[in-house]
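Undergrad: Protein chains in written order, with the working numbering: chain G, 4 to 356; chain R, 8 to 92.
It is worth saying that the hints were derived from the structure and are not from the lab. Keep in mind the model is a prediction, meaning the values are calculated, not measured. Treat the hints with caution; some may be incorrect.
Lysine to aspartate or glutamate pairs mimicking DMTMM-like chemistry, simulated, CA-CA at most 25 angstroms apart [what the hints assert, rightly or not]:
#: 1; chain 1: G; residue 1: Lys195; chain 2: R; residue 2: Asp86
#: 2; chain 1: G; residue 1: Lys189; chain 2: G; residue 2: Glu213
#: 3; chain 1: G; residue 1: Lys238; chain 2: G; residue 2: Asp260
#: 4; chain 1: G; residue 1: Lys238; chain 2: R; residue 2: Asp45
#: 5; chain 1: G; residue 1: Lys189; chain 2: G; residue 2: Glu207
#: 6; chain 1: G; residue 1: Lys238; chain 2: G; residue 2: Glu321
Some chain R residues flagged as far from chain G (calculated, every beta-carbon gap over 12 angstroms) [unchecked claim]:
#: 7; residue: Met8
#: 8; residue: Glu12
#: 9; residue: Arg65
Positions of the beta carbon are idealized from the N, C-alpha and C atoms, including for glycine.
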Amino acid sequence: MTRVALDLLGGDAAPEVVVDAAILVADQTPDVEVVLVGPVDQAEVLLVARGAAGRFRLVQASQVVGMDEDPARGVRAKRDATVRVAARLVRDGEADAMVSIGSTGAALAAALFTLGRLRGVSRPALAAVIPSAAGPLVFLDAGATTEATPQLLAQFALAGAALATVRLGIARPRVGLLSVGEEPGKGDELRKQAYAALSALPLEFVGNVEGSDVPHGGRADVVVTDGFTGNVLAKGLEGAAAMVTGVLLSALTTAPDRSSAATALLPALHEATAHMSPEELGGAVLLGVNGVVVVGHGASTARGVQSCVRVAAQAAREGLVPRIGDAMSALLDRTRAAGPDDSYDTDPAGGLT
Amino acid sequence: MTSDEVLAVVRAAVATVLEVDPSTVTRQTRLREDLRADSLALVEIVEIVEEVLAPRARAGFHIEDEDLDGLSTVGEAVDYAVARL
């Protein structure tokens, strides 16, 4: 049984959508136990109304870090915040993973303060499995750490490769570095130095990839970039996909004489793209912290939250954190063996309360 | 605790979070300007320092958020902590 702590108060439609998701998980995934973290009285009312009283372990947490709050200070000030309590359950071995669809920054801060970083990890990265024409790929950093160094991008590459193995089942994933051209000399100084750093790693580095390689896919199973660029590209892709969908729907539905075409095409389009839905792909995984943390979109439906729980349970079951820990430790040991480095010597303290 | 002992705690926390050689962290080191500590890193440092110092203080040890903005150097952080232990 894999136990997943689920933040009851995160998300636009919380707590209802979170409770609905927990029930979906319990009904469809008997080997996953959801632990609901939030106001117990509120959870009980919602569960009774859905005929699910007594089906879940409930853990009290009364505070929530709002989307408009400074995440670090919010988490620090609110020791009883749902994300902090959920992270504590993971740290103390009472849950194997945690999921939140609330503030990403709050989940990041709670994970850092409570779980701590893995040895050899400078900063965590947010890794999303995103759809491409050639199949899903791992994309990181989607926004956790906006300022990167070449060494940090090397860490992201190793962590992303570990996630690709767990999520996509690829034993030796191809890793690409996002830049403005395929040639090794393309890009700014960070990209040029990162190219050299990634080339020295024990993984299948395929060189630079361009922004268009992300939606097209096929060149890399893992695309690595800094959190600033990654967030811009991820939101750009999301917006472009919504725009194309909207234009297509409008073209097919505004003119009455096209209704037969729409009737034929829409189910086919839906079928062809169903596996690409964020609701199906689950949330982004926070890589580099000492525990499994999955962050979902704030607008997730119950099905989307259910997918996040599935992703979290899979990551816990398949040992994502130890895999990343081993890769990072090996990188740190190689760096130390190579002599004084110009970047880091990360052996972080454990998590706090 | 002596000022030097508190400095050792703060130095270790700063070195861990910001990945710098501990020997380069002095009382004069400016956290934001010299080490480019962002708000998340500062809070991470504070959490570590509190965790280490709290058991050694009779009435616990807590750094107020509003005070955090006024602490710009390692030395100021050390003096703040020593005064409250």
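Undergrad: With reference to the structure, classify each hint as holding or not holding.
TA: Going down the list of hints, with the structure as the test:
no.	hint	result
1	G:Lys195 x R:Asp86	violated, 43 angstroms
2	G:Lys189 x G:Glu213	holds, 10 angstroms
3	G:Lys238 x G:Asp260	violated, 35 angstroms
4	G:Lys238 x R:Asp45	holds, 24 angstroms
5	G:Lys189 x G:Glu207	holds, 20 angstroms
6	G:Lys238 x G:Glu321	violated, 29 angstroms
7	Met8	holds, 18 angstroms
8	Glu12	holds, 17 angstroms
9	Arg65	holds, 19 angstroms
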